[in-house]
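Let the hints inform the model, and build the full structure from the sequences given.
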Amino acid sequence: MKEKNPTQWLKDYLEPMFQKNNLPVSVDTSFDSLGLDSVTRVEMIGGLEEALGMDLDPTLGFEYPTIASLSQYVTAQGND
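Residue 1 is where the sequence shown starts when you use the UniProt record's numbering, and the numbers rise one by one after that.
Quick caveat, the hints were computed from the structure, so don't treat them as lab data. Don't take each hint at face value.
[Stated by the list, open to error] Computed beta-carbon distance windows for the label pairs:
1. Ser69 to Lys4: 16 to 24 Å
2. Gly35 to Thr59: 24 to 32 Å
3. Val27 to Thr59: 17 to 25 Å
Don't be surprised by glycine CBs; every beta carbon is placed ideally from N, CA and C.
In structure tokens:
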């Protein structure tokens with residue numbers, strides 16, 4: 001069964017990065033603040049793509065720099 005909640009998937013995926021940076025898990029924390037490099041962002045989008053069963057552009061982690069903004073975009077695309 002495919003995951004249908006991009007926000008929860010991203011929180012789960014990024015939780016180790018929040019812990020590493022001693023930050024509470026927040027949908028508004030920027031990926032830059034978590035220290036996500038380009039490789040990690042592309043891998044994150046690939047994992048999200050697989051979890052949701054959708055085709056996603058690998059650059060979305062740069063265009064939408066928070067869990068909230070990325071989730072909002074992905075949810076809107078899934079409803080098209």
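Worksheet item: Going back to the hint list, which numbers does this structure go against?
Response: 2
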